[in-house]
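Protein chains in written order, with this note's numbering: chain A, 1 to 217; chain B, 1 to 217; chain C, 1 to 217; chain D, 1 to 217.
Check before you lean on any hint, since a few could be wrong.
Said to hold, decoys possible - Result set (SDA-like, lysine to any residue): computed pairs, CA atoms no more than 25 Å apart in a straight line:
| hint | chain 1 | residue 1 | chain 2 | residue 2 |
| --- | --- | --- | --- | --- |
| 1 | B | Lys134 | B | Met186 |
| 2 | C | Lys125 | D | Tyr117 |
| 3 | C | Lys121 | D | Val10 |
| 4 | B | Lys104 | A | Lys2 |
| 5 | A | Lys133 | B | Gln184 |
| 6 | A | Lys121 | A | Asp111 |
| 7 | B | Lys125 | A | Ser100 |
| 8 | B | Lys104 | A | Gln97 |
| 9 | B | Lys125 | A | Met141 |
| 10 | D | Lys62 | D | Lys104 |
| 11 | C | Lys185 | D | Lys134 |
| 12 | D | Lys133 | C | Lys125 |
| 13 | C | Lys134 | D | Lys62 |
| 14 | A | Lys125 | B | Ala8 |
| 15 | B | Lys134 | A | Glu43 |
| 16 | A | Lys34 | B | Val6 |
| 17 | A | Lys34 | B | Arg38 |
| 18 | A | Lys2 | B | Ala8 |
| 19 | A | Lys133 | B | Asp12 |
| 20 | B | Lys88 | B | Leu68 |
| 21 | B | Lys134 | B | Ala8 |
| 22 | A | Lys134 | A | Asp21 |
Please keep in mind that the hints were generated in silico from the structure rather than gathered at the bench.
Number of protein chains: 4
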Amino acid sequence: MKKRQVQASVKDERLVKKRRDQMIKGAVTLFIQKGFHRTTTREIAKAAGFSIGTLYEYIRTKEDVLYLVCDSIYDQVRERLYEGLDTKKGTIESLKQGISDYFKVVDEMQDEVLVMYQEVKSLSKDALPYVLKKELEMVAMFEHVVTLCVENGELELSMEEVKMIAHNIFVQGQMWAFRRWTLQKMYSLEQYIQLQTDLLFQGIQGSAAAVEFQPDT
Amino acid sequence: MKKRQVQASVKDERLVKKRRDQMIKGAVTLFIQKGFHRTTTREIAKAAGFSIGTLYEYIRTKEDVLYLVCDSIYDQVRERLYEGLDTKKGTIESLKQGISDYFKVVDEMQDEVLVMYQEVKSLSKDALPYVLKKELEMVAMFEHVVTLCVENGELELSMEEVKMIAHNIFVQGQMWAFRRWTLQKMYSLEQYIQLQTDLLFQGIQGSAAAVEFQPDT
Amino acid sequence: MKKRQVQASVKDERLVKKRRDQMIKGAVTLFIQKGFHRTTTREIAKAAGFSIGTLYEYIRTKEDVLYLVCDSIYDQVRERLYEGLDTKKGTIESLKQGISDYFKVVDEMQDEVLVMYQEVKSLSKDALPYVLKKELEMVAMFEHVVTLCVENGELELSMEEVKMIAHNIFVQGQMWAFRRWTLQKMYSLEQYIQLQTDLLFQGIQGSAAAVEFQPDT
Amino acid sequence: MKKRQVQASVKDERLVKKRRDQMIKGAVTLFIQKGFHRTTTREIAKAAGFSIGTLYEYIRTKEDVLYLVCDSIYDQVRERLYEGLDTKKGTIESLKQGISDYFKVVDEMQDEVLVMYQEVKSLSKDALPYVLKKELEMVAMFEHVVTLCVENGELELSMEEVKMIAHNIFVQGQMWAFRRWTLQKMYSLEQYIQLQTDLLFQGIQGSAAAVEFQPDT
DNA sequence: AATGAATGAGGATTCATTCAT
DNA sequence: TATGAATGAATCCTCATTCAT
Chain A
1 MKKRQVQASV KDERLVKKRR DQMIKGAVTL FIQKGFHRTT TREIAKAAGF
51 SIGTLYEYIR TKEDVLYLVC DSIYDQVRER LYEGLDTKKG TIESLKQGIS
101 DYFKVVDEMQ DEVLVMYQEV KSLSKDALPY VLKKELEMVA MFEHVVTLCV
151 ENGELELSME EVKMIAHNIF VQGQMWAFRR WTLQKMYSLE QYIQLQTDLL
201 FQGIQGSAAA VEFQPDT
Chain B
1 MKKRQVQASV KDERLVKKRR DQMIKGAVTL FIQKGFHRTT TREIAKAAGF
51 SIGTLYEYIR TKEDVLYLVC DSIYDQVRER LYEGLDTKKG TIESLKQGIS
101 DYFKVVDEMQ DEVLVMYQEV KSLSKDALPY VLKKELEMVA MFEHVVTLCV
151 ENGELELSME EVKMIAHNIF VQGQMWAFRR WTLQKMYSLE QYIQLQTDLL
201 FQGIQGSAAA VEFQPDT
Chain C
1 MKKRQVQASV KDERLVKKRR DQMIKGAVTL FIQKGFHRTT TREIAKAAGF
51 SIGTLYEYIR TKEDVLYLVC DSIYDQVRER LYEGLDTKKG TIESLKQGIS
101 DYFKVVDEMQ DEVLVMYQEV KSLSKDALPY VLKKELEMVA MFEHVVTLCV
151 ENGELELSME EVKMIAHNIF VQGQMWAFRR WTLQKMYSLE QYIQLQTDLL
201 FQGIQGSAAA VEFQPDT
Chain D
1 MKKRQVQASV KDERLVKKRR DQMIKGAVTL FIQKGFHRTT TREIAKAAGF
51 SIGTLYEYIR TKEDVLYLVC DSIYDQVRER LYEGLDTKKG TIESLKQGIS
101 DYFKVVDEMQ DEVLVMYQEV KSLSKDALPY VLKKELEMVA MFEHVVTLCV
151 ENGELELSME EVKMIAHNIF VQGQMWAFRR WTLQKMYSLE QYIQLQTDLL
201 FQGIQGSAAA VEFQPDT
């Protein structure tokens, strides 16, 4: 599936890219503040630094802006995720590192993640698949890292389990953003990473309690 | 914190309750289909079976409807959660049962959960706390059950861990609804319950394989 | 073919009729002054004496107004035409009378005829047939009167000729309106009626010259 | 009255002529399809084969395009009319020939005639007279031919009658275009010419029936 | 209590025209 | 001369809310 094309009247590709970046930047700020529906196209144009007429030289409909914004945020998150994720090693340690990095990215991009998270549903049936595809790609990155660990014999997991784990990691990252109203009151980012990682690896029964039992070995 | 009062012009409390129930029922259906913003008050009135004028006898603003809807859904979920959750026993078994029941409730009320999930953010700063409060109450229910297990010596967990676990369980339930576009393609509800429960209790390293290997160490 | 229904949100049929009459009246005046395209919906609402919101309670789109206007004008012309046209007699005299009456109606409703004449083409492919149908009905009225004359032996004409004549009469009526910028400078209405009637009955060769040949009279 | 000047920024007269011809050609096609108001200047520029910027080097306003188009169409029709019309002979035969030729021109240029017919009214008060002048010139051509017949003693008509006849001929030509939705369903062009010519010359009473009666006189 | 007609602020989008390159 | 990006006034239409009946 290729990138969904948002039609622009302006031909100069470089300009289109530039203007759309302005646009996205302005729009994200607004969407964070008031959400997609409560943001007007005029506000977007203004925030982007050009007139309403110009805005419409680079998009067809307001929804295009939303698509562009979501698309862009996903790209950013994914890119940063990709940098951090060492997809070669296949060791427990590198997996832990990957999770930690991902959570940190989410933390830094909280606002963006939140927007994307809350507004994707406003995308038309037409645009949605393109965005969901990207989400799955990110999940697949975790899947890959975990799979490597399995292949290396560091973990023993079925394919179903691997997939489930990848989804869980992904959602727990987002969770840090969309439940920040409560989680970030209780935990620091480091604590959150530590706790989630421990729980993920040890499970409820394998945590502290299990440790205590281990002296016997 | 008491229930937020939505003002009605009509005095007869019984009637208010009745009309609001009609209203909520109609609105949920509409919100599921088109979301809050794309649903008009006229549509809500029609779906509820009365006129737009009458609608406004029972609410002050459109947002009131959203609040009422979210509130109602939370109440339903919570109530059903409460029925299932045996908050006395404090055994691993009853915790597993509780999780399973919760996931099943979410499965049955998928649409509602989704609406609530996606539209809460449209609530005003004014109404939001009341709804989030309810969410925390539900989390607290899991917290309580887990705590009992700890107190009974079935599990050994810190308070931070308990809280984290409760949030994880809660979110993993919702996840079944809001990620249904991918999860429900891969797993049946039973599988999902099984997998998540196993992972929760054993963690990645504690799953079947790891257990087998541990004797050797 | 039944009347094309223009949807109204308001149920009360009497009110719909009343408001639409106001609307049409205002719109005709505006269309006469500036044409359909240069008239805004707000102006129409204002001219009708109510708000833009109310306007849209009685129509779906701006084009509906145009349809309503054209429809109404046709109805008026047709009705007045029908009153005047003695469709029973079937004598040359009554035909002449009919033409004269028709031309007088056009003269009185010049502005309306002009509007209809110039704006029908702006109707959508959807609405156009309904309006053209009415035009044909009017032509058919003349056709009928002429046919009667033929049946009475007052005239001897083929069906093709009858149809052609009916169309000619109809267009010559309209012509008085749409070519008024020149015709009405040269002729009074009475002259116009006299000239057209004479030409119609006698033809070029049968006019003045023919008189000379009629020594018998 | 001289040709109304449409201002151009470009000086080179030859270029102006060339570009305007491109422009008119493109615009006519568009006006035929969607009418003047629904055609955008961008579309016109595109259809003409140059940019919007260039378009405005050769006109001042969108209305100028309409004027240019109407003017051009009139010129074409008039020119072709002029070729056909033998303005010297002054015989019934040459008049009939002229009418027939004119009707054929209209038939061939239907779309153009229609555009001109329907859109002239959109011209500003400023430009209108220039176009109407051309129309009168065409009418005058018929007037002239008929007058010659009168002078030659082939016809006996008053000046009023001559003018009326000229207008009738002119309108009956246009009629073939603007009432084509019905006329062209009923008649072939040849039939139409035949019928109209006969009616014009003989009148209702002078057709077949009258002929029969004439022996008696 | 119920109704639904009326309101008008507000929002998305278009398009003629300009002007710097 | 030619280009096409930028502009923003103008326009159609929607919809939450009110209020007289």
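Tested hints:
1. Note on Lys134(B) and Met186(B): the hinted pairing is violated, with a Cα-Cα distance of about 31 Å set against a maximum of 25 Å.
2. Pair hint Lys125(C) plus Tyr117(D) holds up; C-alpha atoms about 19 Å apart against a cutoff of 25 Å.
3. Annotation: proposed proximity of Lys121(C) to Val10(D) is violated, straight-line Cα distance about 36 Å (limit 25 Å).
4. Between Lys104(B) and Lys2(A), the direct Cα distance comes to roughly 37 Å. Violation of the 25 Å bound is thereby established for this hinted pair.
5. With a C-alpha separation of about 16 Å, the suggested pairing of Lys133(A) with Gln184(B) holds against the 25 Å cut-off.
6. For the proposed pair Lys121(A) and Asp111(A), the alpha carbon gap of about 17 Å is at most 25 Å, so the pair holds.
7. Restraint check for Lys125(B) and Ser100(A): the C-alpha separation of about 32 Å exceeds 25 Å, so the hint is violated.
8. Simply put, Lys104(B) and Gln97(A) have alpha-carbon atoms about 34 Å apart, too far for the 25 Å limit, and the pair is violated.
9. Under the criterion of a C-alpha separation no larger than 25 Å, the hint pairing Lys125(B) with Met141(A) is inconsistent with the structure, at around 37 Å.
10. Proposed proximity of Lys62(D) and Lys104(D) is contradicted: the alpha carbons are some 31 Å apart, above 25 Å.
11. The hinted pair formed by Lys185(C) and Lys134(D) meets the criterion: a straight-line CA distance of about 17 Å does not exceed 25 Å.
12. Restraint check for Lys133(D) and Lys125(C): not satisfied, since their Cα atoms lie roughly 33 Å apart, outside the 25 Å limit.
13. For the hint linking Lys134(C) to Lys62(D), the alpha-carbon distance of about 35 Å lies beyond 25 Å, and the restraint is violated.
14. Our distance criterion of 25 Å between C-alpha atoms is broken by Lys125(A) and Ala8(B), whose separation comes to about 37 Å.
15. With a C-alpha separation of about 35 Å, the suggested pairing of Lys134(B) with Glu43(A) is violated against the 25 Å cut-off.
16. The straight-line distance between the Cα atoms of Lys34(A) and Val6(B) is roughly 23 Å, inside the 25 Å bound, and the hint therefore holds.
17. Distance restraint check for Lys34(A) and Arg38(B): the Cα-Cα separation of roughly 16 Å lies within the 25 Å cut-off, and the hinted pair is therefore satisfied.
18. A C-alpha spacing of about 52 Å is found between Lys2(A) and Ala8(B), which places the hinted pair above 25 Å, so the restraint is violated.
19. Among the hinted pairs, Lys133(A) with Asp12(B) is inconsistent with the structure: their alpha-carbon atoms are about 52 Å apart, more than 25 Å.
20. At most 25 Å may separate the alpha-carbon atoms for a hinted pair to count; Lys88(B) and Leu68(B) exceed this at roughly 31 Å.
21. For the proposed pair Lys134(B) and Ala8(B), the alpha carbon gap of about 23 Å is at most 25 Å, so the pair holds.
22. Of the supplied pair hints, the one linking Lys134(A) and Asp21(A) holds, its CA atoms being roughly 19 Å apart against a limit of 25 Å.
Checked against the numbered hints above, the structure breaks hints 1, 3, 4, 7, 8, 9, 10, 12, 13, 14, 15, 18, 19, 20 and satisfies the rest.
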